[in-house]
Structure formats: structure tokens, C-alpha cells
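Chemist: Whenever a hint applies, use it, and build me the whole structure from the sequences.
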Amino acid sequence: MSDLALMLVFALMGIFLVLIIAHAKRTTPYVYCSAKISAWEARSIPESRLLEFADAAKVVNILAGLDDTDYGPYLKDIPRSERIDVIAIERALKMSVSERYRELLQMVPREGRGVIAKLIQRIDLWNLKVLLAAIHDKLPKEERMKDLIPSPTLPLHRLELLAAAEGLEEFLKYLEGTEYFEAASKALQAYEKLGLIALTSALDKHYYSSLWAEVLKAKRQRQILKAVIGYEIDAVNIKLILRLKKEGVPPDEIDKFVIRPSHELSEEVLRSMILAEDVSASVEAVSHTSYGPILTGAMPHFESTGSLLAMEKSLDEGLLRICKWMSIVKLLSLAPVLSYIYMKETEIKNLRTIIRLKVDGVEPERIKELLVRVPKIEL
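The opening residue of the sequence shown carries number 0 in numbering that gives the first Met the number 0; numbering runs sequentially from there.
Hints in this document: simulated from the structure, not taken from any laboratory. Just so it is clear, CB atoms sit at the ideal spot from N, CA and C, and this is done for glycine as well. A portion of the hints provided could be inaccurate.
Unchecked claim - Here are the simulated distance ranges between beta carbons:
hint, residue 1, residue 2, range
1, 249, 39, 43 to 49 Å
2, 140, 39, 32 to 38 Å
3, 154, 299, 46 to 52 Å
4, 361, 79, 34 to 40 Å
5, 56, 222, 45 to 51 Å
Modeler: See below:
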């Protein structure tokens, strides 16, 4: 072998070694994080057990079934009597999620902490929308804190101040200085026309627009973030447009609350959905996108019941499918973190659905129909 060839071989080996070291530096911080999340996921509630809960005779049986889960310590002080305190149960479930998110934020590698913190701030968004609904419905002040989720990112004293507002004007005054103040203030005029959905949609638009901006700023793992969060933003837009279209809201009003930029849905597609004559025509406008088959499959349910629930549920399950797939093929990345957050939220949502409907005496088969299922992934 000539000296030149030998030098070329060593140069290639050096480049290969540098690439290996660079890859190791990027992925090593995620080893512990992914391992910890895998341990948490192993203690998640399987679908078979959720179905058993739906069949349970009473809510106390469900609580007994949750004793050996991560929710057990948070539920232990709730009386197991005939008169179940549903609000207390939901508060305990929410507290467990909040504490888990605090721990999650501490162990996420620094490069991804900003966007994950922003994602977790959806708790703040939820709390603000709950408080707006409570004020809109003139719920007494002492009742407003019951439905809130303890936030890892918003101080308790701020929530208590917002919950004490006499009305919307005072609520906005207390909201001043936060990132949501401007969006909520601008939506007040629309609130007079459309009601509560104008305010909640304005908050959604601000939150998801700022979240998307964080995704686009990400130097690494942008592809993973765009795939997951981009899908969610598209789904939020689709749900919003279909709801408002069903209510007969004029296109110009719908357009004000659509999140831009969207992900897969182009401006042309969004405009087609907004200008469509009815829900069916809006669904047809996305038929050539990846959301087309998802929505088309749920159309018979809408046509027979007039409810958008099946479409929204199908969109949610589509997001979980992406999360699950990404967490498998991109193990040493933010994908398992994203997947865990969405799976955890779905688990809580399913538990709340089962418990509330069980208290209302809804038949088990109907409860099962409403559960959001985690799709099976075949490799």
C-alpha cells in the first residue's frame, strides 16, 4: 500500500472516530432520561385494565384498582364511601401528573429543556381556560380552584389571584404581565359575539403559535419536534374549524382563531376548510392530506349522530401513533419524552372519562367507545 493510500485510510478512520464521538456526545445525555421514562411507562395502566375499570360496578372498585399504581399515594386519603368525591379524585390525578412533570423537567437534557418546558405549559393554558369558563358561568370564587392543575411553571399565588377575579375585566387585569394578556384582551370583542369559545380559542392560538416558534428555533431534533407537535397543531386547527363550522360561525370569524403557520396543512387547505359550506365539505378539503383517511373513517358517526367526537378521538389516536413510533425509532432523543407526555395526558383523560361516566350511570360499552386508544405499533 502506498503512503498516500495509507494516509487516506487513516484520515477516513479519523473522520469516522470524530463522527462517533460527536454522536455519543449528542445521545449520551438521553440515556438516563430514556431509561427513566421506560421505567415510568412500565407502570402505566394497560388498555385491558382500563376496560376492566369501565366494567367495574362502582367507582370505589376503580380506586382500589389504582392503589398499586403511581396514582395510589395521591388517592389514599380520598374516602371510599358511596358518595364519591369526583372532584377530589380528579385533583389527585392532576397532582400526580404535575409532580411527574416537575421531575421530568429536571432530567431532560439542557438542549431540549426549553421546548419541553413550553410543552408542559399546556397546564397553564388548561388552567386559564378553566378559570375563564368558571367566570363566564359565574361559578363562586371558592369553587374555581377545585378544577385547576398544580402547575410546574406558574406560581400558585398567581393562580389564586386569577381565580379571585370578580369578572372578565378584573381577570384580564390580573393576567397583565403574562404572555396571554394581549391575546385575551384582543378577543374580548369577539367574546361578545361568539361567547366563551372566542377567548379560549385566542389563548390556544397564542400558546400553539409560541410553541411552534420554539420548535422552529430548535437547532437539534427539529425533525422529531415538527413531526409530533406539528401534527398536534394541525389537529387543533382541524378540530377548531369543524366545531365552528358546525355552529355556523362565519368564515371571517373562524379565520381569526386558526393557528398559523400550520404544519402539513397549507394556507390553501386551511382556507378551503374555512370557506367550505359545511362540516362534510371541510373534511373533503383535507382528503388529500394524511388527515383525510382519519377524518373520512369517522364521518359515518358524524352523519348519524351530528357529533364530532369520533373525528376528534381519531385525530388524538393518530397523534399517539406518531409518538409511539418516534419513541421506538428515535430512542436516544426527545421522542420518548414527547411520547410520555402525550401518553400520560391520555391516561389521565381516560381515567377521568371512566370515573365521571361511571358516576353518571353510563353503560360500560358506551364508556369503552369514548376511550382514546393507544395504537399498536408493528415493527
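Chemist: Give a verdict on every hint.
Modeler: Each hint tested on the structure:
1. Distance hint for residue 249 and residue 39: a CB-CB separation of about 46 Å, consistent with the stated range 43 to 49 Å.
2. In this structure, residue 140 and residue 39 meet the distance hint of 32 to 38 Å, their C-beta atoms being roughly 36 Å apart.
3. For the hinted restraint 46 to 52 Å between residue 154 and residue 299, the CB-CB distance of approximately 47 Å keeps it satisfied.
4. As the Cβ distance of residue 361 to residue 79 is approximately 21 Å, the hint placing it in 34 to 40 Å is violated.
5. Range check, residue 56 to residue 222: about 48 Å between beta-carbon atoms, so the 45 to 51 Å window is met.
This entry does not satisfy hint 4, going by the numbered hints stated previously; all others are met.
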